[in-house]
Amino acid sequence: MSDVTSPTATAPAPSGFNAKNVALFALVAVLFLGTGFVQSWNTALTIFNMGLISCIMALGVNMQWGYAGLFNVGVMGFVALGGLATVLVSVDPVPEAWSAGGLQVIMGLILGALTIVGAILLWNAMPRGRLRGLVMLVVLLAGFVVFRQVFDGGTQAVESIDPAVSGFLGGLGLPVLFAWPVGGLLAAGAAWIIGKTALGLRSDYLAIATLGIAEIIIAVLKNEDWLARGVKNVIGIDRPVPYEVELQANQGFVDMVTTYGADPVTASTITVKLLYSLLFIVVLGLLIWLSEKAWNSPWGRMMRAIRDNEVSASAMGKNVKKRHMQIFILGSAVCGIAGAMMTTLDSQLVPGTYQPLRFTFLIWVMVIVGGSGNNWGAVLGGFLIWWLWVQVEPLGLLLMQTLTYGMEDGYWLREHLLDSAAHMRLLTMGLILLLVLRFSPRGLIPEK
Amino acid sequence: MDFLNALVALANFVLVPATAYGAQLALGALGVTLIYGILRFSNFAHGDTMAFGTMVTIFGTWGLQAAGVTLGPLPTALLALPLGIAVTAALMIGTDRVVYRFYREKKAKPVIFVIASLGVMFIMNGIVRFLIGVDDQRFSDGERFIIRARDFREMTGLDEGLAFRTTQGITIVVAVIAVVALFWFLNRTRTGKSMRAFSDNEDLALLSGINPDRVVLVTWIIVAALATTAGVLYGLDKSFKPFTYFQLLLPIFASAIVGGLGNPLGAILGGFLIAFSEVGVTYAFRKVVGYLGPEDWQPEGLLQLLSTDYKFAVSFGILLIVLLFKPTGIMKGKSV
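Just so you know, the protein sequences line up as chains A and B, in that order.
Residue numbers for the first sequence follow UniProt numbering, so the first one is 1 and each next one is one higher.
Residue numbers for the second sequence follow UniProt numbering, so the first one is 1 and each next one is one higher.
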């Protein structure tokens, strides 16, 4: 959506790097460097790493919204699927669980899928009429009963294997980096299914359908313990980088940092974070390069043509539905990759922490504030909004302390205001979103 | 075989709770549907509007309780409800002035309104958390039950008791009053008719001299009243927690869409459909089926279709199935 309010709001910006964009990125750099100097480099790098992941999520949403005008409010679901991928790929398999009920679980899932496929085939094969609906209902019900019989037995057997430790099927035991593309594939697969059912819907309906599907994905993650331990969480997921203690035990590393006069413990934590940053920067760089290529290609122009005027694009022979499907899958896959990266960074999968405010709506704020339809805008928004999201809380506390400076300790208003500082971040995000949407509807770095 | 006991068990655990929940959802969905029909966008801030209205009502209730004013057997919150509605209406009108009016005048695309409503959602969510905190608040007082399970057993001599809570009774009564008043307003009054005309065809309505500002103003007031009432009823029935209200957005949207966005009758139908399926699909029917079988017979499993954690999944499953076959809902809705 290049122009959200009026077609003549701003003249097209000159291509390439202009002074304003450089200044904006410099501002973000100052924020992070400032965090490093004022708080600590560990904090700054923690925010930076999550900022990199946020940028990737924002890139994915920007593909769907900025390129094609698809309003996807199910980002959280795709991110969570990426997280699931890290478990499925990197965690060691649990042989006892597999022998107890693994095959039965798989059988159950296949039966369930067969029921759905069978029902769809029947629906298409039979003539219209009451009989078709009835047969369909019978097939679905019978299929559900059989599925539950087989599947429940399997999951119970699996989950009863030492639930405190294992009690799930585990993964493939591969290096965790493989999980990143797998996360993308998993999200892409989900996006294909969702696209098949929901992409035909109009904008608002699509938004609400995706919102709901994300909730369903989270519900499955929370409840299917055999899959990824549900709310019991999977912890200690493999890392692509060395552990801090390994570095501290490494004489070469300790010697090296002490010659620079650094404390080995701090140096090791910072080194680990820098290694993560490096990995993430490579992925982000690759994705940006690909996105820019796509944006400037005939394919990108076609997407924008469809976005700006679906009717005329389809009159010119463009297959709107197919293109929407394509970009929906691509954007979701990018979110899935980001989700896998995030779980890798955390070394744990905690389904309870996936909340739409954080993983869907905040990403949207990043895209709108940064500049929809501009890949660099999404990156800027990702860094800026993530930094604010983390820092508004201490800043709010500081503000409240200043405001209540004259009050006595324990005075109810002072207590209340200090306690409430934590909720400033939602307020601030909403305010920023509304202000940008109003006064700079094309975002900080508008579409070229 | 004990048909009566089975029926009572079913009423106790499914019919009564689902009816009360359905009424709350229907009131919420009516608000969503009115905004969609007249202002033409999906308001993501609706759950938080409900939370805000309920919060004001809770503050009012606490004030009244502190002053020693109660409603006897009824919850004091009913006395504070008008205050909640008034403050929420003022907030809605203010929000419209500051946020939405700008885009309306610019004739922005509907999806821009939706994104703006995301911003409003963030802010209202923040305000509510800021003012009342994130914890559970219980604010219902007065009699807890209209019928207690034990009294019912003694009265009827059945094994199974039926409990009917005051809050459930009030929910149903208030919801009926609110819906009747709304339909009376929309169908019988001049303003209501002009709102419907505006919803059906904006250009034609403007041509025939309907004042759009007035339509918008009245819509927000009605939405505030519906949202606050729905929120207070839900809070009385369960409890008030800001995050829960934000999550209520999902089943409320599902209700409005299943019924057909922009269609008030559809919203009510959708609310009950979603509520009954949520409760029905996640209830363990073991006891009910046990009564229906021969003496001392209980089926082995719980006979629960899905675990209760899949509540939201149920609403959306239904939503998707309905949309697949009827893209604008059961009762034909609009699409912008």
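Hints were generated in silico from the structure; no laboratory data involved.
Keep in mind the model is a prediction, meaning the values are calculated, not measured.
By construction, the Cβ of each residue, glycine as well, lies at the ideal position given by its N, Cα and C atoms.
Some hints could be false.
Capping the alpha-carbon separation at 25 angstroms, the derived lysine-lysine pairs in PhoX-like fashion look like this [as the list claims (entries may be wrong)]: (1) A/222 <-> B/326; (2) A/232 <-> B/311; (3) A/273 <-> A/293; (4) A/196 <-> A/20; (5) B/107 <-> B/238; (6) B/334 <-> B/109; (7) B/109 <-> A/322; (8) B/332 <-> B/238; (9) A/222 <-> B/241; (10) A/448 <-> B/109; (11) A/20 <-> A/293; (12) A/322 <-> A/293; (13) B/106 <-> B/334; (14) A/232 <-> A/222; (15) B/238 <-> A/321; (16) B/238 <-> A/448; (17) B/109 <-> A/318; (18) B/106 <-> A/321; (19) A/196 <-> B/106; (20) A/222 <-> B/107; (21) B/287 <-> B/193; (22) B/311 <-> B/287; (23) A/322 <-> B/326; (24) A/196 <-> B/311; (25) B/107 <-> A/196; (26) B/193 <-> B/238; (27) A/321 <-> B/193; (28) B/311 <-> A/321; (29) B/193 <-> B/311; (30) B/287 <-> B/109; (31) A/448 <-> A/20; (32) A/448 <-> B/107; (33) B/326 <-> A/196; (34) A/196 <-> A/318.
From the derived model, a few chain A residues whose C-beta atoms are all more than 12 angstroms from chain B [to be verified]: (35) 24; (36) 28; (37) 71; (38) 125; (39) 205; (40) 207.
Against the structure, the hints come out as follows:
no. : hint            : in the structure
1   : A/222 <-> B/326 : violated (31 angstroms)
2   : A/232 <-> B/311 : holds (20 angstroms)
3   : A/273 <-> A/293 : violated (30 angstroms)
4   : A/196 <-> A/20  : violated (41 angstroms)
5   : B/107 <-> B/238 : violated (41 angstroms)
6   : B/334 <-> B/109 : holds (16 angstroms)
7   : B/109 <-> A/322 : holds (24 angstroms)
8   : B/332 <-> B/238 : violated (32 angstroms)
9   : A/222 <-> B/241 : holds (21 angstroms)
10  : A/448 <-> B/109 : holds (21 angstroms)
11  : A/20 <-> A/293  : holds (23 angstroms)
12  : A/322 <-> A/293 : holds (20 angstroms)
13  : B/106 <-> B/334 : holds (22 angstroms)
14  : A/232 <-> A/222 : holds (9 angstroms)
15  : B/238 <-> A/321 : violated (44 angstroms)
16  : B/238 <-> A/448 : violated (51 angstroms)
17  : B/109 <-> A/318 : holds (23 angstroms)
18  : B/106 <-> A/321 : violated (29 angstroms)
19  : A/196 <-> B/106 : violated (34 angstroms)
20  : A/222 <-> B/107 : violated (42 angstroms)
21  : B/287 <-> B/193 : violated (50 angstroms)
22  : B/311 <-> B/287 : holds (20 angstroms)
23  : A/322 <-> B/326 : holds (22 angstroms)
24  : A/196 <-> B/311 : holds (24 angstroms)
25  : B/107 <-> A/196 : violated (31 angstroms)
26  : B/193 <-> B/238 : violated (36 angstroms)
27  : A/321 <-> B/193 : violated (39 angstroms)
28  : B/311 <-> A/321 : violated (32 angstroms)
29  : B/193 <-> B/311 : violated (38 angstroms)
30  : B/287 <-> B/109 : violated (52 angstroms)
31  : A/448 <-> A/20  : holds (14 angstroms)
32  : A/448 <-> B/107 : holds (23 angstroms)
33  : B/326 <-> A/196 : holds (15 angstroms)
34  : A/196 <-> A/318 : holds (18 angstroms)
35  : 24              : holds (21 angstroms)
36  : 28              : holds (21 angstroms)
37  : 71              : violated (6 angstroms)
38  : 125             : holds (17 angstroms)
39  : 205             : violated (6 angstroms)
40  : 207             : violated (7 angstroms)
Going down the numbered hints, you'll see the structure goes against 1, 3, 4, 5, 8, 15, 16, 18, 19, 20, 21, 25, 26, 27, 28, 29, 30, 37, 39 and 40, while the others check out.
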